[in-house]
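Undergrad: Below, each chain spelled out in residue letters.
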Amino acid sequence: MPYIPHTDDERQAMLGTVGAGSVEEVFAEIGEDLRPRSFDLPEARSEMEVVKHLEFLASKNATHVTSFLGAGFYDHYIPEAVDALAGRGEFYTAYTPYQPEASQGTLQAIYEYQTAVARLMGMECANASVYDGGTAIFEAMMMAVRSTKRRRFVISEAVNPIYRIMLTSYTSNLDLELVTVPHKDGVTDVEGLIAAIDDKTAAVLVQNPNFFGNIADFERVFAAAKEKKALSVLSAYPVLQSVLKTPGEMGADIAVAEGQSLGLPLSFGGPYLGIMACTRKLVRQLPGRIAGRTQDTEGRTGYVLTLQAREQHIRRAKATSNICSNQALCAMRAIIHVCLLGQEGLRRTALLSMERARYAAERLTAIPGVELLSDQPFGNEFAVRLPMDAALAIDRLSMRGVVPGFPLGRYYEGMEDCLLVACTEKQTTEDVGVMAEMIGGLVR
Amino acid sequence: MKNCPTKTGSVPTVFDKSAHGREGTWPEKPTVSAGDLLPGDLLRKEDSGLPHLSELDVVRHFSELSRRNFGVDTNFYPLGSCTMKYNPRFLETVAALPGFARLHPAMPQLQGAGRMCQGALEVMHEMESLLCEITGMAGFTLHPMAGAHGELTGAMLIAAYHKAKGNKKTKVICPDSAHGTNPASAALAGFDVVNIESVDGILDPEKLAEALDDDTAAVMMTCPNTLGLFEKHLPEIVEMIHAKDALLYYDGANLNAILGKLRVGDAGFDVVHLNLHKTFGTPHGGGGPGSGPVGVSEKLMPYLPISRVKKLEDGLFTLDYDHPESIGYVAPFYGNFGVYLKAFAYILRLGGEGLLRVSENAVLAANYLRKKLEDVLEIPYNRVCMHEFVASAQKLAEENEVRAVDMAKALLERGHHAPTVYFPLIVKECMMIEPTETESLQTLDEFVEDLRDIVRVARENPEAVKAAPQNLPVTRLDETKAAREMVITQPREEA
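Chains as they are written, first to last, in this note's numbering: chain C, 793 to 1236; chain S, -2 to 492.
These are computed hints drawn from the structure, not numbers from a lab.
The calculated lysine to aspartate or glutamate pairs, modelled on DMTMM-like cross-linking and capped at a C-alpha distance of 20 Å, are: (1) Lys42(S) / Glu1011(C); (2) Lys1110(C) / Glu194(S); (3) Lys1021(C) / Glu969(C); (4) Lys14(S) / Asp54(S); (5) Lys26(S) / Glu1147(C); (6) Lys368(S) / Glu802(C); (7) Lys26(S) / Glu1136(C); (8) Lys26(S) / Glu1222(C); (9) Lys204(S) / Asp242(S); (10) Lys392(S) / Asp447(S); (11) Lys160(S) / Glu969(C); (12) Lys976(C) / Glu1163(C); (13) Lys941(C) / Asp991(C); (14) Lys42(S) / Glu1041(C); (15) Lys392(S) / Asp450(S); (16) Lys229(S) / Glu824(C); (17) Lys296(S) / Asp317(S); (18) Lys42(S) / Asp1009(C); (19) Lys368(S) / Glu816(C).
Predicted, not measured: the structure shown is a model, and the values here were computed from it.
Chain C on its own, in the form it takes in the complex:
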């Protein structure tokens, strides 16, 4: 049997030690009435056959398209060394570092990851990650509930709708109130948010750049929240965060992000990386794992998991969160990725992505009938109004190998003619040109 080393003789010897006549005897406690009614599974296949079958399935997915799909999940270049290093068996096949002396590699990497995240976000503390950017938002909300003892949230409608739907699902059995403040042509309504924050508000949630790609300064919103003793949560985009005013500089209490853009493949939706950072004041409310620096008996620096008393294996129903793992290997990829690029490389990635997006916006708006949704600053993603249904435009172009973006009508009523276009450093100006030509041909 694959991956099972025991020979028949060894199995007999083991049975002898156990005092059983057969393997079946060891399972005697599972009575006849509990045995499976069926276990009708395919027969074993060789490694080669399985790889071939999956290569066939992979080939049925279009990966040679030129794509401007973003919507919070971006196709950035991943240096080859990320796979090579994160793929080392000692990282790959390790478990949660419960025995720190045998897990200094994972623990130091988490500590470095936490440091990189905190610096990128301009915050004081960070955890070792949660499942994804949406979970990070929910966990930030729960931090605010515990910290303020309030149950009302003010949320900008320009926050990724996928995350807002996740929030609705997660909170459906909890006594929480979600108040959504509409966007204005893809721009976050700062005045509307300020007006909506009251004495019962636990936290205000905004995204920067927002779902439409628009960039803003939320200092005034966060100051208004502070005045009402509510917390401020900002959902960021880590690559652009190398250039943009940080959540910390704006006065946010908690910064969250989807970390996929830091060295993780798109991989059809996961595994991704939920980034969480906060002020020192809130660190005891921070869920999940946290690596801390300490010393061994010889006074040498080492790392351990810390603040574990908040967790489920100790506090059970009263834990800060039910999350007991993190995305350790994803966080490992992220720290390796940002180290390879470094401060300058990540900044260049951000600027190149924004430069390409600007070029795409110029080319598209040069087409008669195509216009930007707003005249506000944007990053590497922007929304345009087309003189036709955006979903249909995508359908037509994708048949010819180009996916021009994401149709905003999918999540926003009345925006059926709006297309959300994202660029990274991977889309060349030629790619942009081809896409713009095709859109031009379609709407003319």
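Chain C is already provided as a structure; the job is to place chain S on it using the hints.
TA: Below, chain S without anything else, positioned relative to chain C:
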């Protein structure tokens, strides 16, 4: 010595090693500056503080860190309830295929774009069918991103079911032998949690009857439980719970013990989550990512998260979002696709017969270790166990002041990862040992010899065991200092 890292002392961090101006893996130079693109008040004032390193700096650093880690590839890892089996390497090849790794998750949500991801949708559809057959459940969702996330999803499904039926049920019962995440997940789904004590290591029908009432929404069971024991009163328990219109939840973290021997659907469970990384051998990665699919019986099908993958009459696959009673989104897309893709390949590789052998050999190996150790350590529930068992160092602690944690560190020193210690909480000085099916008899015997030797040393010279480990990069670490001083990010001024 078995694969112990040899270099001792500390390694400077990437921030310590940074040298301003050193070139990393940079993309080409942009033709614009930040100031050309955005107004100054939208830009960060302080630099990002990320390090400046050469590619070789980074390669050396993380290669060095990897040598300061135990993994299944290098060490025996009998960490109870974590199921640290061998992870076949070809699964990585499969997950890295560009047709999967580079696929944008929004693709199938575009008009006409279903045609661009038929292969990925087929994987999802086939994986759901396989998991249904393995567990005997009516339907599955692959969306939950980890085992505990599966528990939360399951608890939300239970809440949705009772809500739809108009039941006012507020309580979830969690035996003390269930995983610690169970009560946390139930609480997050809005339930009050009721704990019940196990009797002789398993759930006792009489204790259950005392706690079970009309307010009970569900009972969450781990079977085999955290003591490694099979819940032999199962049929009776299922009947009692269903008689109260409560649901039965199966924590499938330990499914690797019962593959082909018990199907939870056939046994009457209503909800189950699986930890794919445990049973189906995808790598743990230092504690994640996992994948925690949830299976349900027929009556819970309407509440499964959206989207659902569907096979059309023409053989094509599509995503279906039209389920008005669904609990909604629990993940941004379709769960940790890259993880369940590996589990899918693993199942195809082993087939039904192979999966059956997984359980048989895992259970046999655990019982073999139990018998080999019963004369040197106490085994509080010394009877046939499933894939793991609990030993106790309480006697050594009383007589020689050598505790489970000391035994653990001494095992590290001898090149074995330690068992899980101090969990489950119901056994004093406990060590939960799980060998898995992929460890050879030689490895198991070496572990036995080393553990016996540690017990001998503990009696003769307890201080030697309490001083372990001495040959790893660091000696015992001060966890109190870490919690008190709480340095969790490196201050900028340090480097």
